[in-house]
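Number of protein chains: 2
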Amino acid sequence: MERQDESDDELFGGASRRDGAVEPGSPALACERSCSPQRKVSGTMRRNDNYLPVAGEEKNMDVDFINTDAMSNESIPMKNLYADEGSPLYSRLGPYFTDGRRRVDYVLAYHIQKPSSIRRQPSRFGDNGFIHRLRRSMSMRSSRAPLQPKEDPEIAAQEQRTDYNENDKRFRRDEFEENLLETGLQLEKDEGSKIPGIGFLKVHAPWNVLCREAEFMKLKMPTKKVYEVKQGSNVVEKIRLFIHKVTAPLHPKVDANRPQSVKPLSHPFSREKQHLFDLSDRDKFFDSKTRNSIVYEVLKRTKCTRAKYSMGITSLLANGVYTSAYPLHDGDIEGVNAEANDRKLLYEEWASYSVFYKYQPIGLIRKYFGEKVGLYFAWLGVYTQMLIPAAIVGVIVFLYGCATVDGNIPSMEICDPRNNITMCPLCDRACSYWKLVTACGTARASHLFDNPATVFFSIFMALWAVLFMEHWKRRQMRLNYIWDLTGFGEEEEDHNRAEYEFRVMKKTMRQDNSTPKGEKVKLTCTDRMPAYLTTVVMMGFMILVTFAIVFGVILYRISIKAALHMSTSTVARSNIRATVKTTAAIINLIIIIIMDEIYGAIARWLTTLEVPKTDKNYEERLIFKTFVLKFVNAFTPIVYLAFFRGRLVGRPGSYLYVVGSYRMEECAHAGCLMELCIQLCITMLGKQLIQNNLFEIGIPKLKKLLRRRKSDLEEEVNKTLQRHEKDHMLGPFTGLSPEYMEMIIQFGMVTLFVASFPLAPLFALLNNIIEIRLDAKKFVMELRRPIAAKAKDIGIWYNLLRGLSKVAVIVNAFVISFTSDFIPRLVYQYMYSVDGTMHGFVNHTLSYFNVSDFQPGTDPIQPMHLGYKVEICRYKDYREPPSSSTPYELSKEFWAVLAARLAFVVVFQNVVMLMSDFVDWLIPDIPKDISLQIHKEKILMVELFMKEEQGKRLAARDNHNLDNFASHSSANRSSPRARSRPAAQDVVWENEHHEREANGSPVYRV
Amino acid sequence: MERQDESDDELFGGASRRDGAVEPGSPALACERSCSPQRKVSGTMRRNDNYLPVAGEEKNMDVDFINTDAMSNESIPMKNLYADEGSPLYSRLGPYFTDGRRRVDYVLAYHIQKPSSIRRQPSRFGDNGFIHRLRRSMSMRSSRAPLQPKEDPEIAAQEQRTDYNENDKRFRRDEFEENLLETGLQLEKDEGSKIPGIGFLKVHAPWNVLCREAEFMKLKMPTKKVYEVKQGSNVVEKIRLFIHKVTAPLHPKVDANRPQSVKPLSHPFSREKQHLFDLSDRDKFFDSKTRNSIVYEVLKRTKCTRAKYSMGITSLLANGVYTSAYPLHDGDIEGVNAEANDRKLLYEEWASYSVFYKYQPIGLIRKYFGEKVGLYFAWLGVYTQMLIPAAIVGVIVFLYGCATVDGNIPSMEICDPRNNITMCPLCDRACSYWKLVTACGTARASHLFDNPATVFFSIFMALWAVLFMEHWKRRQMRLNYIWDLTGFGEEEEDHNRAEYEFRVMKKTMRQDNSTPKGEKVKLTCTDRMPAYLTTVVMMGFMILVTFAIVFGVILYRISIKAALHMSTSTVARSNIRATVKTTAAIINLIIIIIMDEIYGAIARWLTTLEVPKTDKNYEERLIFKTFVLKFVNAFTPIVYLAFFRGRLVGRPGSYLYVVGSYRMEECAHAGCLMELCIQLCITMLGKQLIQNNLFEIGIPKLKKLLRRRKSDLEEEVNKTLQRHEKDHMLGPFTGLSPEYMEMIIQFGMVTLFVASFPLAPLFALLNNIIEIRLDAKKFVMELRRPIAAKAKDIGIWYNLLRGLSKVAVIVNAFVISFTSDFIPRLVYQYMYSVDGTMHGFVNHTLSYFNVSDFQPGTDPIQPMHLGYKVEICRYKDYREPPSSSTPYELSKEFWAVLAARLAFVVVFQNVVMLMSDFVDWLIPDIPKDISLQIHKEKILMVELFMKEEQGKRLAARDNHNLDNFASHSSANRSSPRARSRPAAQDVVWENEHHEREANGSPVYRV
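Chains as they are written, first to last, in the UniProt record's numbering: chain Z, 1 to 1006; chain V, 1 to 1006.
Accuracy of the hints is not assured; some may be wrong.
Copies of one chain are not kept apart here, so a pair can be met inside one copy or by any two copies together.
Here are the computed lysine to aspartate or glutamate pairs in the EDC-like style, where the Cα-Cα straight-line distance is at most 16 Å [what the hints assert, rightly or not]:
no., residue 1, residue 2
1, Lys892, Glu880
2, Lys522, Asp929
3, Lys938, Glu215
4, Lys952, Glu272
5, Lys224, Glu943
6, Lys218, Glu943
7, Lys947, Glu215
Simulated from the structure, these hints should not be mistaken for laboratory data.
All of these numbers come straight from a predicted model, not from anything done at the bench.
Next up, chain Z with everything else stripped away, as it sits in the complex (with noise of 0.2 Å):
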């Protein structure tokens, strides 16, 4: 008792004690906390907060209020669910305190050690350090959500410091439990769980607190005003409701997604103004999203001062005093104890396969997980709609080639047998001449790929990628007034990482006799200068190789294609390119998917040596090296294809040779288009096939098994377990990151490299499909509930994907000119063609070479392959002939396509760059009808004010004439008119007021 009243009084005032409550917990209470430290009495720490709204003024309207609250806390009638049931079992299994009222907002969990079975330390240390390095291991490929422990080596050996200095944690626990009952939450703690080893913190929020935190977090909660939500005028609103009749079986059987006609007009919560909202019942009016986000909020303000430094909630669990910290989830999914809930209600109408063809609940996602992830499935949503149309012009595209192939004259002409070209051999010594017609399967399959259809597509995918961001930004916005996130200005994440706090209270102990005093100490560039010199290095490093890597494939294939040609068998010889190039391809794939993963940990790493300040901080720095990264990965080897692939040859005579005496390789006659489509088509489908059936199904599954096993229990004490447990079964929210990033990386895949692969929008619109459900499933089955945030946009993901499209437009521009054969066909056919068709163009492209050229010791070794002595070999490039009198010299034909190539860059880039520009300004970014609606919300807010303000002027007036009519009488010249009809003022007012709303007056009618 003397400890407990002296701590208060040291603790007076400190920042934890914002709501002011000034008397120390209750004897009662203190004794059973600290007194009897028995193993299974969940003891509920209460405090009576006697909490009270600012008295005075509205005395008519806070009397209920303070009635109500002065009685007992939360001792109205209940009127939920559960309440009403009044089932032990409810209670005990519920989300609720053992009293089965008060509900668990919040969960902390941490290690006990019971005094009755003593259990071997290191045994349990060592279990536990193993799962934990698996789970480690597991989750290398997803990035850290705030609230979870942090695996910073330094911090790591800082948990092994104190790791055995348990008095210590409990004492950490005891104040911050104290300062949170300071607060005014209230407590229960359950160390008898069925998870040994474990405790756990229940916390719930009384009205006093959630009351008095959404009025400072300025949340913004419907009033009792309710408003006609018009869509536009009865033609457009015709439109919409029958458009909704016509899709009604697509869209999911919750009432969060039906299209209301009114909508409650939204106010920032505030204690003075409670009469504006619909208090009559409190436990629905904040949701259990809205209480969790409430007691975090809470949570990260309060810190323990006691120790050295203060930590706050995230030092705590990175030290192990807390070993998780998490929300509860609504209820179970499946079962005997499943009431009809919203997590139920989201496994049914969204986490399923069966429902794939349905528009998502995202009301209801938002509702249950808040706008942060609401914004992510919205998003994915856009995305995989806006799939349909690219993907189906993307097949008519390719079936457009598929059509036009027999019609094509320059395959056609290769394909002929009597044009008899014979070509320079495709590697030294091993390869002699072939004839172009064995290059006919080749030269029409690229046809498919290569055909102005795929120019025109490219243009299309460009546009598609602005209206994609256009419709994204209106959806957002619409979103935004739908979940009344208007006027919601970003607040920045300002709560310290603990890393960080550890570092500066480092660097504050090693310094602090050398700064002056009052001078803040923080991490200056200085301190961090190793970590980013380590980060620059290492990227390098990484980028390094990537490059080595991919280079190492062109070696495989060069030497592989060597030995091929080397090989006497006719078999392999003519399966040597389908071959070669398909096994490149898979090991390309495979290393892509190894180095993935790799990256990420690197990047990760990297993150945690530079110390950032905040998590929002961390997040940014993660996000930009994993995209580094990752996108070097996987789109080197496609760049490399596209754009270097046969264009670093040399020519015949004069080859180009790497390590030694490999001819580096060339493209097919028809263009390397065909490799990169086949590149394209494995990795896409390789990773996603791999990631999402590998890591997002097969590896959380196993997570399971592990966690379930490790714990030691049955399926049908499964059933039997309380919300926290089963929630602590589950893996931790690690936030929305690697979703996004791989989401990028495919828009990445959809967009770069389009005109070479116009099945790409289709490929990804079939990934996307299961993506969402896998994605749902993920969050309603499989992880602990995530803490609501609060966002009005997607961040940095946004501008990325604009980036990405900036880009997209120069990579296509380039593809089509200098990969395709689109330019040289074109000019061929206005500039050389004598009857303006493309007969001969073959012929054109092709250079002729004397074989009496050849540089000594690289001619075929069997020059006489094809049945015949060749003389004059042809290559395909634009040079002068033997005959010139500057042999083998770039021709002027070769100038005049290079200036075809680089002007078509020039006028693709900037014509598809203006008319994006205009699209994006054509479509204005919030909506018509949401702009009005916001408008009409305002003034619909001001007259409320308006009406508020006369109503009270009316009273005080009132009030002061007849109390100071005598003093004043000489001064208040007002006539006594006013004074003696106030009351039917205020009625023709309001009959005005009516009469102006049913006239459509202006003012309402906006």
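Since the structure of chain Z is provided, determine the placement of chain V on it from the hints.
Just chain V, lined up with the frame of chain Z:
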């Protein structure tokens, strides 16, 4: 009296009754206005507006407020300068009511018919009409400000109709004034002013109204709480102080401009939270700018409803019920009456050429004119400042050109008479062959602007533009912070324009029976279609006119040149080029300036035709149109010179002819860059000189002169004029659009073609130094005070700047690669030069022409002009020689150079864009210290409220506990200690709090 009461009942509860004042005007007052219309009674219309703030709650805090308020309006001792003097002169001449106490916050002027001095009606109207028309034509080039009478033809017609109905106007005025009184404003009429025929309605906002409106407008006002502004670490702070000391002479001697070490915390004004604010001096709490905007807000809201359709102040002004509305200047600038006031300070420290080298007192400008004007001058200042480095680098680049002109091999080769190159004739028949050496001068001059430094300079300027934008964004953010605009959401102007309302009314009347009731009538696209069509057609036509004019100038140049060539005078011949170039450029300039004015008028006319709904809408559309037209007008000749001239010439033997037999112009041998440069130089200098001197200095002087003559007053009489009469003499404020537009066009000149004219930034800099003071003088001396408008940013202008700087990159890429000889030189040096130098370049660029291939009738009349027979002449192009198999075809060199040019465009554009984006990404939009300060402010605000909360709760609990102790003692387990010593605790808390502040706890030293 009867009428008064009646009307009051009628209006009861209307929009203007927001303050809920229930007493009609006092009998005496009503009589003063309506019963005795004497000529020189400046009747004070007062009413006792017994406004009370929300009563109760904080009784102790409100006592003061209620007392002073209830005693008498504004009866507390005034502390401002004038009131202390109490001199009748000041009270008459200063901006006060006749009582010398109540400040005039706004003035409405109107025509009166004086019964005593009956002047001939027609003459007065005629007079007026003339002045009106004159002023209209004078103000053609400036857009319309919100509160100026509009010149829509329809409204003008309306005006004609109502003009003769002076009684109707008076009734409307009476009603409007009544409604103004209802809102709590205080009015005073002055119909006996020294300006005959004009009556003034002076408006004063008493304290109640100010408070109420400030609350509704959510005006952020400084609270009593100040906090320390820390600019950074000690070192940074010291450097800042040092710089400030060094630049001390550059800072204006204005208090508001000093860097302050403390800043008051701001909070939206609220009467409930009035204890937060320092209300000790009520006259100073709201400064004159704020008072004006508050009154303007009330005026906008007040409506005349008794007429057929409700009229706001805009409609009243448009219909001539009032002739003008303006707030008053603070005082005189010079003369005996000139007390120290902000306007005088601005005049001395800002609006004077003698302080041209100083920084602008932005804080004071904002304080006096409001944020919007403040931002304009801040932007202009930043732009001018940023021009300094650009001008310096530009001059260096120019000097580099001058220094290297002698070592420039191509011009040396041209000037070397030994080369003896015979050129083909420049025109048919009349001209003869000429020697290249005669182009020596031009070639040397060209080098000044066409050298490698130019390429560097255009990259520099592209980055400069990005840096400028970034710098401005940061500056804007800093100003937002200093001016407490953070968190201020841009309120869209929802005030309908008078023209729009008039049109809607007409439509309503027309459709009264056809449309269903309740549907709000608005202007649809169908209504506006004719206007839109007109706009499109007119804009297209105007652009065609511009092209036609440019073409006309080209024809002038060609024909004059041909004529001069034909003349035999050698003097004329030698000066041909210079004469033609200069006269053509001057003609272009004159046309540009004239068309500028015409286009401005057309844009205004077209926008008015479209009947935009709000003023913001009007402004946006007007800006768009004006921008397009003025831009096309200013840049068409320049674009022609840069990209088309000399390219559509054809070749000897097959020249291109226009309009019969005129050959298209050729460029000089060294490219068109020189002529582009001359054109730019003349356009920039001429435009600036003429527009600044003639329009901005000359015409306002003329206007003022005319207004003076009109009112027939001598200078002497002027001195005895009252403030509102003096201000009535000034020109109306017509918005910032013309100022911005001028600067944007200049920015275009500076960035778009900077590759060809590195001195452009210097000219712009010199112009802007004058421009700032010119604009300042205009605002301080020539114009009525604008209504203070809030703005967070410069709006659409920022987007235009951004767009221009993007276009500039592309334009410069093309200028360098296509207009200048930079790329051909590079190509020659690295591809064709024998020894890697430029020797032989001139020869390489010239093709051969066999004179026998001239088309019949186009060969020179004097083939022997040079003294020998010419068989082969040279011309500048890359074509095959006559001896080739394809004579006069484009040669391989041509294609190689073209490819190089295009490659340069691609590389330049993408590299510069990438660099720009990188710089954009690198520099945070919000300066670090500002974001820290904003964050600190937020935390302090929460602290403040927390403290307040605690105080309230303690008090409330005390009350509550004392009241309810008996009834709740069982439920209330709180320790009695809390109840026994609340005061002591409060003190402890306070002490703690101050200690923490002193200690530099982390919460305070952010």
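Hints, one by one, checked against the model:
1. Lys892 - Glu880: Intra 8 Å, inter 12 Å, cutoff 16 Å: intra and inter.
2. Lys522 - Asp929: Result: close only across copies, 14 Å inter versus 48 Å intra.
3. Lys938 - Glu215: For Lys938 and Glu215, the Cα distance is within 16 Å only across copies (15 Å; inside one copy 20 Å).
4. Lys952 - Glu272: both (14 Å within a copy, 13 Å between copies)
5. Lys224 - Glu943: within (14 Å within a copy, 31 Å between copies)
6. Lys218 - Glu943: between (21 Å within a copy, 15 Å between copies)
7. Lys947 - Glu215: This pair counts as between: shortest inter-copy Cα distance 15 Å, intra-copy 23 Å.
Of the hints listed earlier, there is not a single one the structure fails to meet.
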